[in-house]
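> One-letter residues, chain by chain:
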Amino acid sequence: MPTAPRGAIDCDVHIPPPPTAALLPYLEPYWREQFSVRGLVGADFTLTTSASRTPLACRPDWRPAKGEDPLALLRRHVLDPMGTAIAIGHCLHGAVALHTEDMAAALCRAVNDWVAAEWLSRDERLRASILVPTQNVALAVAEVERCAADRRFVQVLVLSMLDHPLGRRHWWPLYAAAARHGLPLGIHAGGLNRHATTPTGWPSTHLEDHVVGAQAFDAQLASLLTEGVFSEHPDLRVVLLESGFTWLSTFLWRMNKIWRGLRAEVPWVTRMPAHILRQHVRVTLQPVDAPPRPEMLAATLRQIDCEDMLLFSTDYPHWQYDGDAVLPEGLPDALLPKLLRDNALATYPRLAETAP
Amino acid sequence: MSRHVVARVSEVPPEGALRVVVKGRPVALFNLGGEYFALHDRCPHEGASLCGGRRVGMAVAERPGTYRLDRQGEMVRCPWHGWDFDIRTGQGWCDPANTRVRRYVVSVEAGAGLAGQALNAEIFPVSVEDDYLVIEM
Chain A
1 MPTAPRGAID
11 CDVHIPPPPT
21 AALLPYLEPY
31 WREQFSVRGL
41 VGADFTLTTS
51 ASRTPLACRP
61 DWRPAKGEDP
71 LALLRRHVLD
81 PMGTAIAIGH
91 CLHGAVALHT
101 EDMAAALCRA
111 VNDWVAAEWL
121 SRDERLRASI
131 LVPTQNVALA
141 VAEVERCAAD
151 RRFVQVLVLS
161 MLDHPLGRRH
171 WWPLYAAAAR
181 HGLPLGIHAG
191 GLNRHATTPT
201 GWPSTHLEDH
211 VVGAQAFDAQ
221 LASLLTEGVF
231 SEHPDLRVVL
241 LESGFTWLST
251 FLWRMNKIWR
261 GLRAEVPWVT
271 RMPAHILRQH
281 VRVTLQPVDA
291 PPRPEMLAAT
301 LRQIDCEDML
311 LFSTDYPHWQ
321 YDGDAVLPEG
331 LPDALLPKLL
341 RDNALATYPR
351 LAETAP
Chain B
1 MSRHVVARVS
11 EVPPEGALRV
21 VVKGRPVALF
31 NLGGEYFALH
41 DRCPHEGASL
51 CGGRRVGMAV
61 AERPGTYRLD
71 RQGEMVRCPW
81 HGWDFDIRTG
91 QGWCDPANTR
101 VRRYVVSVEA
111 GAGLAGQALN
121 AEIFPVSVED
131 DYLVIEM
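Top to bottom, those sequences are chains A and B. Heads up: the first sequence runs through residues 1 to 356, numbered per this note's numbering. Heads up: the second sequence runs through residues 1 to 137, numbered per this note's numbering.
Keep in mind that the hints were calculated from the coordinates and are not lab data. Careful: at least some of the hints might be erroneous.
Residues from chain B shown here face chain A by an in silico Cβ test under 7 Å; the list is partial [as the list claims (entries may be wrong)]: (1) 47; (2) 49; (3) 83; (4) 108.
A short list of chain A residues far from chain B (calculated; beta carbon distances all over 12 Å) [as the list claims (entries may be wrong)]: (5) 148; (6) 167; (7) 180; (8) 182; (9) 228; (10) 303.
Every residue, glycine too, gets a C-beta built ideally from N, C-alpha and C.
Can you make the complete structure from the sequences, with help from the hints?
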């Protein structure tokens, strides 16, 4: 039975989106007044997929009492008991789903400034991702440029299901900005909930929605690869957040196989897709969709050939494991140094500047 | 290694292919603008005959979104799963280190010059008026 790691770099913890009232001090005066005039202060801008009361959204023993400081809870539940060296936080705010681009950009600015002030400045172990208004790429680039000077922002954050596949050239200015500043592109599970969340239509239940969620990630990887993002932006790294990873083996095999037959469609893809993806893509550990017996996990990992791809994560506070069993049984000991620290340091160049 | 007369030149049409069998082995003869090439006629993937494959060029890109066709007609695409092979070398385009088909040396020789040589030409009589493809196997 693996023990909980000490001193790890946790690449996925959740910063709960604040009530809109808490963002008002971080909004520019025009928007602060508009929020008041338009009656938006009581709107919570919650993405449906992160509805806080669904069972998987929070471990039962981690559910906060009313009014508890979420940062204090993060420290008590994860950072302190695990001796976490660095934790990268993601604030999945509903700003990214608005139809109004300028309000979305204003809200993203407020959220990022709130994260910096209320989280990063209160615990030196924390780093964060930059929430960008994906409604408008120019505005998203501007937000990356605005936040990049703060070296505690280590990644650009987008959702796994947006209005266009992420490989499209439409997005490339964002990737150029990310690569220029040493920021990986973090793709987090979730969407705008205005397109069906499965390829076959809308699911009926949370169960169905959660299970099928991984398909969005393989669609995005296929898009990033075939559209040539990694040819055009060779320094870009992509991190899949809360994606699961055991599906990767069959995806990579299928990608290689189909590419061999249809590669003339994408002549800029000149190497085996799996090779390119292993070089550019990283995946976070939790949730582990583990095989039923521990000895099968090592075989699964060998099939994916992912020792340089896996990044440790708790996915706090989501209910992905119980007790301190964040490392799944059957994980090879030899993988731990890379999993717990080295891969994260290699993926996020900004972490090495301050890594304890 | 012996030399085999395998076909009349006129039997391999321009930009076409012809399958022959030599010493029990299938051989694909290709006509590339009047140059002739011979490959083992069996895709290393699952064994399809390459003679029936589409002749294609080599698609190349300077960067994503740009398209250029080099070496038009110099590749053969396996009819089963679309793997491309260089007709001149047998080299597979994808995964070249692990994918190639065997290439045979082929030459065009006049029937007159072949007369009197010790040849394996049991398939048909060599006439002095025609040109023939001769491969070494």
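> Would the hint on residue 108 of chain B stand, with a C-beta cut-off of 7 Å toward chain A?
Violated - the Cβ of residue 108 of chain B stays beyond 7 Å from chain A, reaching only about 31 Å at its closest.
> Checking hints one by one. Is residue 49 of chain B an interface residue toward chain A, by the C-beta closer than 7 Å rule?
violated (17 Å)
> Are all C-beta atoms of chain B more than 12 Å from that of residue 180 of chain A?
holds (18 Å)
> Beyond 12 Å from every chain B Cβ: check whether that's true for residue 182 of chain A.
holds (23 Å)
> Is it the case that residue 303 of chain A keeps its Cβ farther than 12 Å from each residue Cβ in chain B?
About 18 Å separates residue 303 of chain A from the closest Cβ of chain B, which puts it past 12 Å; holds.
> Was the hint right that residue 47 of chain B lines chain A, CB cutoff 7 Å?
violated (16 Å)
> Quick check on the hint: residue 83 of chain B CB to chain A CB, less than 7 Å?
holds (6 Å)
> Over 12 Å from every CB of chain B: does residue 167 of chain A meet that, or does the non-interface label fail?
About 9 Å separates residue 167 of chain A from the closest Cβ of chain B, which leaves it inside 12 Å; violated.
> Checking a non-interface call: every C-beta of chain B should be farther than 12 Å from the C-beta of residue 228 of chain A. Is that right?
violated (3 Å)
> May I ask you to check that residue 148 of chain A keeps its beta-carbon over 12 Å from the closest beta-carbon of chain B?
With a cut-off of 12 Å, residue 148 of chain A remains clear of chain B, as the shortest Cβ separation is near 25 Å.
The structure fails hints 1, 2, 4, 6, 9 (numbered hints given earlier, in ascending order).
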